[in-house]
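> Okay, here's what each chain looks like letter by letter:
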Amino acid sequence: MKKRKFGLALSLVLAAGTILGACGNKEEEQGGGDGASKEEANIKVGLVTDTGGVDDKSFNQSAWEGLKKFGEEFGLTEGEGYRYLQSEKEADYIPNLGQFADGGFDVTFAAGFLLEDAVQTAAEQNTGTNFALIDSLLANADGETVWLDNVSNVTFDEHTGSFLVGVIAAKTTKTKKVGFVGGVDSPLIKKFENGFKAGVKSVDPTIEIVSQYAGDFNKPENGTSIASTMYTGGADIIYHAAGGTGNGVFTEAKNRKANGEEVWVIGVDRDQHEEGMPENVTLTSMVKRVDNAVYEISKMAKDGNFPGGKETVFGLKEEGVGIAPTTENVSQEALDLVEDYKQKILSGEIEVPKTDEEFEAFEASL
Amino acid sequence: MSFLDILSIIIPAALYTAAPLIFTALGAVFSEKSGVIGLGVEGLMVFGAFSGVLTTLLLEGNMGEITPWLAILIAAIASGIFSLIYGVAVISLRADQTVTGVAINMLAVGLTLFLIKKIFNKGQTDFVDFRIDKVDFPILSDIPVIGDIFFSGIPYTSYIAIAMAFVVWYIIYKTPFGLRLRSVGEHPAAADTMGINVNRTRYIAVILSGVFAGVGGAVYALSISGNFTGHTIAGQGFLAIAAMIFGKWHPVGAMAAALFFGFAQSLGITGAQIPFLQDIPSVFLIMAPYILTILALTGFVGRAEAPKASGVPYIKGTR
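Protein sequences, first through last, are from chains W and B. Be aware that the first sequence starts at 142, since it is given in the numbering used here, and climbs by one per residue. Be aware that the second sequence starts at -17, since it is given in the numbering used here, and climbs by one per residue.
Just so you know, not all the hints are guaranteed correct.
Simulated crosslink set (BS3-like; lysine-lysine; CA at most 25 angstroms straight-line) [what the hints assert, rightly or not]:
| id | chain 1 | residue 1 | chain 2 | residue 2 |
| --- | --- | --- | --- | --- |
| 1 | W | Lys458 | W | Lys443 |
| 2 | W | Lys230 | B | Lys104 |
| 3 | W | Lys312 | W | Lys483 |
| 4 | W | Lys210 | B | Lys100 |
| 5 | W | Lys185 | B | Lys156 |
Derived from the structure by calculation, the hints contain no laboratory data.
One chain only, chain B, in its complex shape (with noise of 0.2 angstroms):
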């Protein structure tokens, strides 16, 4: 194999696996910028898998192709509605955002698996038969060198996932929403001071994290495992959190840690059959993605620095 057929293997696995993680990072950069503690987007995945997959095993009969892209939608809006119970529980009754996260990423494996059991008499379900697939970018795929590596075999939602960061950059940087939403992170009683509604912002905020990481979850289930199961979604929210805070709260940053992360775990598994790199035992290889993210959040990156509220309810009057 030569280094160009090597490059369009793990280029495009990279953006394959990254694109769940960069959506669910980029929920998580909403949550955090505006003060409350992301830890929940694992849960919000999930549920988002969940839907994602029934939406598509219910409608595909009917609509076919567009079915997943449908189901996508419907994981958002279904999340976006799920994560009001994490909204309520940190913002008006101001529980502990910790432990709040913790406890939705218990209740949505418990409550999907719950619903799956009575849905379909099973513990997990059926295989999707329309998937979000690998394609060929029209056009683009037929460029010498570029085309094979960044515009074959990716599903389309790698890219838009690539886009979507920057939308959100946008969004978080450049437009009065998103000046509110950084400055109700900062510092809650001073936008308090200047007639922003402090709890509404959040609530938004929140549940645009719900819809990221719903899509994040949907795309993960429609695009790689084609089912869900209790284990579909191990961690990945988790990943995406980590791709934030590597990422420092950037949403364009986190699509970057994230993009890292689909590098990392796709060059331990190609390693082991380019050429150079299969001498190497296979033990190193499945650690190599870990190693080189610890390395790079230690020695790289610098200090992160989150959101001075975030993680602190907001309430009036209080210094």
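Next comes chain W alone, as it looks inside the complex (with noise of 0.2 angstroms):
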């Protein structure tokens, strides 16, 4: 019997445990449930995160930065006006979203396209809260865009940025070779891809440019294999567009960079600069600022314009996309050439492509 008894404990033991990861971020669960005494004026903001979390050292903890900066301008308390909510995994999304709706809160942050199909449940479920989805659009069992009423989705100029740092890339290689590794094939990823071939294409047509998908944003010994054959075939430059894949790129590049070789990551999302220390490969990111759109919506939303049922665009012009503010690496040549071309896409007379076709269509016409 006492063995029995012990058993049991035991098993509760391991049963607790598995919903502990969940525990360290909820103490705050109980302040979202008496939303609906509030005053109307008072603005609540939440975070989904995608299974990444927070301090993901990219998209969401980007999100998060620009929900932090929003609720203290306007002096919101954390927890209370905004919050984050971590999923842990993806069936963690559409409850996630669903607590925020049921917790009153006006706009909900969904960081990330993994997001997109919770978004689109809970946007049907709960009609009467807003949601902003992050970097997608909706869409249907056929790929049709669908434009919900309540969601506003909020998109990037991933090209225009990537085709800047590929204007680094072209100015720093010594081998005229460069790399670019993506997650997943997939018309997002592409936007990446292409304008980054673009921009290297445009300073220099003689560049030869590989590119390579993981298949995975989560394999960093995949993204190790990928940037070792890169190197090793000749490439000093490689932009990876890959998440935790692209971890293994850095991985890489840190090994090659200790044994005295000159290669060199660029970033993505946000300033990769931390993640090539202490070898100090990282040459330059393409940071999106997610900061900057959650804050703008979340004031849009405060303002009453939350942008529901259309898709925001942040680019260049509304400093959406661009180069990482640490620019140690980059050589001032390459800065200005970059503040150049900035112009001339500001100005139209450089129209960068996203797609296979245009990229095509594009470097025929350099």
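Two chains, two frames, some hints: make the complex.
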């Protein structure tokens, strides 16, 4: 009997352990329930992360920084007026979105295209609440874009930002060969690839570009293998748009730099300078200012202009994309050239390609 | 790129990515040979990766380059202790081994994320400054051709992993302890009659599986991913179990299988940049390792037999 009781206790401990991971950020859970009694003027903004969490050094972190900035500026209390829920697994997306909707949150941000379907479901179930889906559009089963009045779709001109880092790569490469590593072959990641290639080719059409997709955003071992192949094949700069897989690209570059090779990585989404330390392999990064976007959308919602049912694009003009603030590894000449091209893109003189077809046309016109 | 150039990319990449699998598969071999299903190695790997990164982050400021090696040792000890939870549940309390193994895998992810959250106040750790780096093996890497293929750009952990496979083979097949281990896994009642303490032997095996899987996890985190998140170990433990089955529960076989997995994977990746293979659509190259594995498992290995008492708790006096 004693043994059995002990066994029961042990299995309870095991069961408790499985849900421990979710506890860390839910201390404020009770706070959201009484939203209905709050004043209408008090806006409440929530953020549901994808499985990366708010310090993924990328998308979720940037979104959370934007939300914090908004919250602090307008005197909201963390956990009450603005807060986030971390998704540990895909099955958490819909419950987390629903939790904000039930808690009376006015706008709930969903960080990343992984939450696309979840946002659609949650928005259809909670028509009284607004959602903002970052980096994606809703689509039905046939792949046609769907617009819901309570969903704002926030996208970025990744191709223009990628174009600018492509310019830097072209100015920096010594081997006249650069690489691109993508996560999953999709229209979104293609924008990075084609923008980058266009930037490189605009500066020097003779530079060779190799690109490869890892097929996964979370396989650092594939990232190291791809990077190893590219570096061995003569590329000295790799631009990655591959999330966690990109960590492997950094590992490989650091290994090589420690052995005396001169190789660089171009980071993505946010300033990845820190990821390149201590060997300092990050040349620059293409930053998506998710923080600016979250901040702007929150502000619009606060002023009663929530841009629901349409796509809001953050490009160069809105400071939605650009190169990273850390520029210590980039030559002044390259930076000046980036500025030139930026003006050309803003003035419409250069139309940056997004798809493979557009890139071919672009390359032919050079 | 010449054929030799291609080999000198694929082989080191295979050795590099196979090292964590080899360690973990060896851990699974220990546990299964004693009659305890090694399904929990995924969780033990997670715990090892967590302890390894945590130790490195805490000590690297003072200890410098030696830190990751020390961290692997500490990860081995920590995972060995962690595996006791599994041991107590399935050996002393005779819980269902499959269910408990799955529970351990979930517990490890939940617990480590929780601890990371408490210690660093974020959902994942920073990157470590000192890693297990890829190195050119002194002297041997200067041998023409072979040096480039087998001794350049590979971390020492890969060689250690291969050597350990032979050490484990010696322990299991050539020492009295190994004989007891195997007898307990095949026919615990007979072993008990001969005066072997079945439960104690199984405890030792489970702890050893924790030690090896912990090393596997730490090697993965410190040589490949560079930090620890909830996704750092996602499926590698199961791949190691597959390698163990593929290797017919034999340490050297498991090592060869892990190397094969690594080879298939790096071929799939590198293939996209090899002149002849790059015309194949990339989805096929991404699928290649899995298809090769299925083919190998069905066609070439023949029947693989698990230790007879695997998965059956031993109760004194039952037949």
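> Give a verdict on every hint.
Verification of the supplied hints:
Between W:Lys458 and W:Lys443, the direct Cα distance comes to roughly 23 angstroms. Compliance with the 25 angstroms bound is thereby established for this hinted pair. The straight-line distance between the Cα atoms of W:Lys230 and B:Lys104 is roughly 17 angstroms, inside the 25 angstroms bound, and the hint therefore holds. With a C-alpha separation of about 15 angstroms, the suggested pair W:Lys312 and W:Lys483 falls inside the 25 angstroms cut-off, and the hint holds. Simply put, W:Lys210 and B:Lys100 have alpha-carbon atoms about 24 angstroms apart, close enough for the 25 angstroms limit, and the pair holds.
At roughly 68 angstroms between alpha-carbon atoms, W:Lys185 and B:Lys156 are farther apart than 25 angstroms, so this suggested pair is violated.
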